[in-house]
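J.: Single-letter residue listing:
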Amino acid sequence: MRASPLYLRPRLEPPLATLLEAVPFLHSLVDGLGSPLNVVVPERIAENAERFRGVYRKHHLGGRVFFAHKANRSSALVRRLAATDPADVGVDVASLGELRHVLGAGFTPGRVMGTGPKDPEFLWLAARTGVTVNVDSYAELDQLAGLVRKYALPRVDVLLRLSEFEATGSGVKVLSRRSRFGSPTREVKALLDAVERHRDSVELIGVGYHLDTTGLAEKAVALDRCVMVMDECHARGLAPRVIDIGGGFGVGYVADAGQWERYTTELTNAVLGTRPALTWRGHGYGLRNEGGTLRGALGLYPAHRPSAGPGYLDELLSLPSPSLGRPLGTVLLEQFYELYTEPGRALVDQCGLTLARVLDVRATDTGPPLVRLGMNAADVSLEEHGVLVDPVLLTRTERGEGDDPAGVGVHLVGNLCLEADLITRRTVFLPRLPRPGDLLAFANTAGYAMDFHAHAAQQQPVARKVAVVGDGDGGSWRWCLDEEYWPVTYPGEAES
Amino acid sequence: MRYDTITEAIGNTPLLRIDPAVHGLRTIDLYAKLELLNPFGSVKDRSAWNMARPGLTDAVRRGATVVELSSGNTAKALALLAGMHGLGFKSVTNRMRVPEIKELLLLLGAEIEELPGRSECLDPTDTDDPLTRFHRTLAGPETSYLHTDQYFNPRNTEAHVTGTGPEIVKDLDGRAPDWFIACVGTAGSSTGVARVLREHDPDVRVVGLVADKSDFIPGIRTIDEVQEVGLFDPATYDTIEPVTADEAIDGMLTLIRRCGLLAGPTGGAAYHGAVRHLRALDGESSDRRTAVFIVCDRAESYLSYVRQRRPELLGKPPRKNSATALTEAEVRAEAKDIDTEGARRWLAGEHPPLVVDLRGPHAYAALHIDGSVNIVDELFDELVRGGLPFSKNRPVLLACPVGEKSARYAALLTRMGHPDVRSLSGGIVAWRDAGAPLVRD
Chain A
6 MRASPLYLRP RLEPPLATLL EAVPFLHSLV DGLGSPLNVV VPERIAENAE
56 RFRGVYRKHH LGGRVFFAHK ANRSSALVRR LAATDPADVG VDVASLGELR
106 HVLGAGFTPG RVMGTGPKDP EFLWLAARTG VTVNVDSYAE LDQLAGLVRK
156 YALPRVDVLL RLSEFEATGS GVKVLSRRSR FGSPTREVKA LLDAVERHRD
206 SVELIGVGYH LDTTGLAEKA VALDRCVMVM DECHARGLAP RVIDIGGGFG
256 VGYVADAGQW ERYTTELTNA VLGTRPALTW RGHGYGLRNE GGTLRGALGL
306 YPAHRPSAGP GYLDELLSLP SPSLGRPLGT VLLEQFYELY TEPGRALVDQ
356 CGLTLARVLD VRATDTGPPL VRLGMNAADV SLEEHGVLVD PVLLTRTERG
406 EGDDPAGVGV HLVGNLCLEA DLITRRTVFL PRLPRPGDLL AFANTAGYAM
456 DFHAHAAQQQ PVARKVAVVG DGDGGSWRWC LDEEYWPVTY PGEAES
Chain B
27 MRYDTITEAI GNTPLLRIDP AVHGLRTIDL YAKLELLNPF GSVKDRSAWN
77 MARPGLTDAV RRGATVVELS SGNTAKALAL LAGMHGLGFK SVTNRMRVPE
127 IKELLLLLGA EIEELPGRSE CLDPTDTDDP LTRFHRTLAG PETSYLHTDQ
177 YFNPRNTEAH VTGTGPEIVK DLDGRAPDWF IACVGTAGSS TGVARVLREH
227 DPDVRVVGLV ADKSDFIPGI RTIDEVQEVG LFDPATYDTI EPVTADEAID
277 GMLTLIRRCG LLAGPTGGAA YHGAVRHLRA LDGESSDRRT AVFIVCDRAE
327 SYLSYVRQRR PELLGKPPRK NSATALTEAE VRAEAKDIDT EGARRWLAGE
377 HPPLVVDLRG PHAYAALHID GSVNIVDELF DELVRGGLPF SKNRPVLLAC
427 PVGEKSARYA ALLTRMGHPD VRSLSGGIVA WRDAGAPLVR D
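Each protein sequence line maps, in turn, to chains A and B. Letter by letter, the first sequence follows residues 6 to 501 of this note's numbering. Letter by letter, the second sequence follows residues 27 to 467 of this note's numbering.
Calculated directly from the structure, the hints in this document are not laboratory data. These numbers come from a predicted model, not from an experiment. Accuracy of the hints is not assured; some may be wrong.
If you only want the chain B side, here are some residues facing chain A, beta carbon under 7 Å, derived [said to hold, decoys possible]:
| hint | residue |
| --- | --- |
| 1 | Ile138 |
| 2 | Gly143 |
| 3 | Arg144 |
| 4 | Cys147 |
| 5 | Ile249 |
| 6 | Asp250 |
| 7 | Glu251 |
| 8 | Gln253 |
| 9 | Glu254 |
| 10 | Arg315 |
| 11 | Ala389 |
| 12 | Pro427 |
| 13 | Val428 |
| 14 | Gly443 |
| 15 | Asp446 |
BS3-like, lysine-lysine: derived pairs with alpha carbons at most 27 Å apart [what the hints assert, rightly or not]:
| hint | chain 1 | residue 1 | chain 2 | residue 2 |
| --- | --- | --- | --- | --- |
| 16 | A | Lys194 | A | Lys155 |
| 17 | B | Lys362 | B | Lys346 |
| 18 | A | Lys178 | B | Lys418 |
| 19 | B | Lys362 | A | Lys63 |
| 20 | A | Lys178 | A | Lys194 |
| 21 | B | Lys116 | B | Lys196 |
Beta carbons are placed, not taken as given, at the ideal position from N, Cα and C, and that holds for glycine.
Starting from the given sequences, assemble the full structure and let the hints guide the process.
T.: This is the structure we're talking about:
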């Protein structure tokens with residue numbers, strides 16, 4: 006008896022959903038530009054920013070949404086975002102290269118924030134142009150102030166990134182993962198002393214955090230603590246007005262909660278040996294079987310999320326402040342604080358896909374057939390980020406055959422001469438067996454999965470990237486290379 | 027009955043026959059094992075005491091803290107047991123999901139540690155989960171903890187092998203029931219009881235109940251979560267069936283409203299799962315047969331759980347003088363407002379209004395309109411329920427951050443008969459943006 010296939014169908018919304026119906030168009034793109042190929046949809050990033058703004062409006066909050074550029078190198082996405090309302094949307098850069106890129110894409114320095122650990126060149130260009138610097142450490146603050154003085158640069162707006170918020174005292178201690186980034190809150194006094202000492206070179210506009218967690222409770226504790234630090238600043242006569250709550254709003258990759266639940270249950274059973282393996286060589290994604298008991302932790306991104314992106318932000322702002330009792334959004338509003346957010350993955354949700362040509366389909370005598378693709382694991386690093394979601398099969402020609410109701414389990418392997426080059430270690434279920442020449446479309450790869458890990462090992466081609474613009478009703482699509490896209494490239498279609 | 031210590035009162039709970047008119051089974055007698063009558067309020071009293079007992083003397087000598095991964099009844103029982111022996115108790119938990127239990131634990135003197143949530147950006151260098159780190163701390167040299175380890179400790183099961191199981195057999199006149207139905211949490215009670223019953227009669231059928239995967243029922247694990255439990259062995263159960271939170275509450279209501287049992291949702295889940303399973307088998311044989319389920323704990327700690335899922339059960343009557351009952355249109359029609367400039371003139375005039383700032387005290391302390399009174403909206407809401415809190419001769423200016431809440435209350439107070447109450451339009455944000463003065467006392 007074969008159970009119904011363990012699909013993990015991707016969550017697809019327009020325009021990505023309609024783009025995936027344009028099968029001949031996508032085939033012609035890969036025919037012309039090679040496999041793998043990345044496709045971005047600039048219109049959607051502007052819509053996503055607008056959805057985040059909607060949450061700001063609901064809570065009556067001012068302040069900007071900053072796109073965390075590291076999620077995607079695309080020029081088209083950044084340029085499209087530059088064309089949105091300057092008062093509402095900015096960009097967060099984490100390297101000299103990213104800073105140069107966004108300045109050239111049309112972001113004026115007032116809309117740009119530099120984050121992460123920084124080298125002197127990055128700091129100099131940020132200070133020279135008037136970018137806001139999100140200071141990662143005490144040493145960095147000293148270094149920045151030194152540069153400003155030495156090169157007679159204008160005074161720089163700074164935010165202080167704080168870390169280690171674990172609050173005690175109430176009998177309940179909310180634990181948080183340690184981060185390498187930011188200044189521990191216990192060192193705030195010394196940090197503020199330094200801000201006062203460097204008053205001629207830096208102006209403190211706010212404080213913030215970025216926590217790598219899906220847990221709202223931890224973020225509520227951190228935000229609460231930031232409000233307290235703002236009090237300390239005001240008591241010293243400083244006048245910060247911004248609280249930056251970083252990113253980590255999340256994306257839902259899998260459409261159906263039931264599929265996700267069924268899959269994770271079966272994965273558990275496979276690890277315990279009560280059903281056939283669901284992965285390459287019985288890999289357990291962090292779970293292991295110790296004498297019939299499940300140990301370890303599932304190292305996977307929660308691919309189905311009931312609340313993600315703007316919805317998650319809304320939930321956070323609606324939570325009561327642990328120390329003040331009022332909703333966190335109300336606390337910010339009542340003190341006239343501006344809210345900065347730095348979504349990366351969530352702002353490029355539904356903004357792109359990665360296409361790969363099927364090169365070879367080979368039966369094995371030990372397990373599912375191997376499907377070799379014209380790409381390698383680094384070209385679609387969903388697996389690297391623990392995201393499990395099915396690719397969409399786009400057949401080369403209409404073959405007049407129906408889908409196999411039981412689905413076909415396959416292993417997707419890459420184009421490197423390397424045993425470990427698997428696109429995913431998971432057995433992927435497809436509606437039918439692919440043939441050479443077909444395409445697999447990995448949907449929703451614009452956040453970290455498209456170009457973050459891509460490399461040119463073995464001189465295999467690095468994916469080209471194209472920007473596509475639809476006519477609105479899904480009837481026709483136009484494309485250009487990512488670097489050729491500007492918001493005015495398709496007059497009448499990309500204005501807003 | 028005279029006791030020297032409360033622990034002597036643990037166990038020997040009644041076995042109650044449920045009235046057939048309630049469950050409707052014709053040929054099966056259904057019995058409830060009333061574990062809610064244990065002194066600390068739940069079935070976990072047995073396992074907590076059995077697990078903690080051997081280590082207590084040594085723990086007292088070392089001044090150790092009792093520690094357990096629990097956010098519910100085990101924590102409650104251990105906190106009380108630790109307190110009786112002059113020891114501290116620490117509960118480590120993923121998330122306290124029932125606020126009353128968290129507060130109750132704090133009342134009992136427990137310390138609570140909540141583990142971090144899942145990582146948003148997968149970090150491959152972070153190979154161990156918070157639980158592994160927790161176990162490593164406990165295993166370190168010179169540990170000052172007594173870890174009862176309920177998910178793996180065989181003494182958890184043993185408490186039921188020596189207590190709960192034999193008590194059931196004794197009360198059924200030396201016979202095992204035909205069915206035993208239990209919710210699976212640590213698997214201690216179901217495993218222990220099943221073992222005893224099977225020794226008496228290998229044909230006894232054991233039904234394990236788990237929480238529906240997308241749902242949460244206190245004290246019950248989902249089908250995936252039970253796999254992480256060391257004491258869990260699938261072979262213990264003839265069948266494992268899911269129960270939803272809604273079904274658990276339905277079962278709980280039947281036990282409370284019809285059987286005189288103050289059962290919590292876990293007991294409700296067991297009752298619902300039992301009747302659902304048995305209904306299909308009722309009348310299969312002409313002999314009378316018996317089934318036993320466990321009522322794990324009491325209802326009182328789960329009011330917020332019920333409120334979240336079935337607010338209508340806690341029947342909140344509509345409030346008198348409620349600002350939230352006004353529609354947007356009513357607010358627009360009935361609230362009088364005044365802009366910053368008008369408000370400043372009003373304040374400087376002959377009959378200046380009383381300014382009521384509805385923001386939180388923290389924000390008020392930082393900056394406010396000079397001479398204003400701070401009554402935070404939640405308190406103001408309580409005040410107006412009883413009637414007008416100001417004299418009708420005193421004009422009032424209400425202020426909130428953006429002028430929305432103040433408009434609502436202005437409409438309400440007008441309705442309640444106040445002749446001159448206004449809302450500051452655009453709120454204190456507009457006041458500040460207009461450059462009007464704000465002070466800090």
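J.: Quick check on arginine 315(B) please, does its C-beta sit within 7 Å of some C-beta on chain A?
T.: violated (31 Å)
J.: Should the interface hint for aspartate 250(B) be scored as holding, given a Cβ-Cβ cut-off of 7 Å against chain A?
T.: holds (5 Å)
J.: Can glycine 143(B) be said to touch chain A, with a Cβ gap under 7 Å?
T.: It holds, given that the least Cβ distance between glycine 143(B) and chain A is near 2 Å, below 7 Å.
J.: Check the hint pairing lysine 194(A) with lysine 155(A) against an upper bound of 27 Å on the C-alpha distance.
T.: It holds: about 26 Å lies between the C-alpha atoms, which stays within 27 Å.
J.: Does the CB of valine 428(B) sit less than 7 Å away from some CB of chain A?
T.: At about 5 Å, which falls below the 7 Å cut-off, the nearest Cβ of chain A leaves the hint on valine 428(B) intact, so it holds.
J.: Would the pair lysine 116(B) and lysine 196(B) pass a check requiring their Cα atoms to be no farther apart than 27 Å?
T.: Violated - the C-alpha atoms of lysine 196(B) and lysine 116(B) are around 37 Å apart, more than 27 Å.
J.: Would the hint on isoleucine 138(B) be counted as holding, given a Cβ-Cβ threshold of 7 Å to chain A?
T.: holds (4 Å)
J.: CA of lysine 178(A) to CA of lysine 194(A), is that 27 Å or under?
T.: Judged against 27 Å, a Cα distance of about 23 Å means the pair holds.
J.: Holds or violated: is there a CB of chain A closer than 7 Å to the CB of glutamate 254(B)?
T.: holds (5 Å)
J.: Under 7 Å is the threshold here; is the Cβ of alanine 389(B) close enough to any Cβ of chain A for the hint to stand?
T.: For alanine 389(B), the interface hint holds, since the closest Cβ of chain A sits about 3 Å away, which is under 7 Å.
J.: CA of lysine 362(B) to CA of lysine 63(A), is that 27 Å or under?
T.: Holds - the C-alpha atoms of lysine 63(A) and lysine 362(B) are around 23 Å apart, at most 27 Å.
J.: Checking hints one by one. Is glutamate 251(B) an interface residue toward chain A, by the C-beta closer than 7 Å rule?
T.: violated (9 Å)
Taken one by one, the earlier hints fail for this structure at numbers 7, 10, 14, 15, 18 and 21, listed in ascending order.
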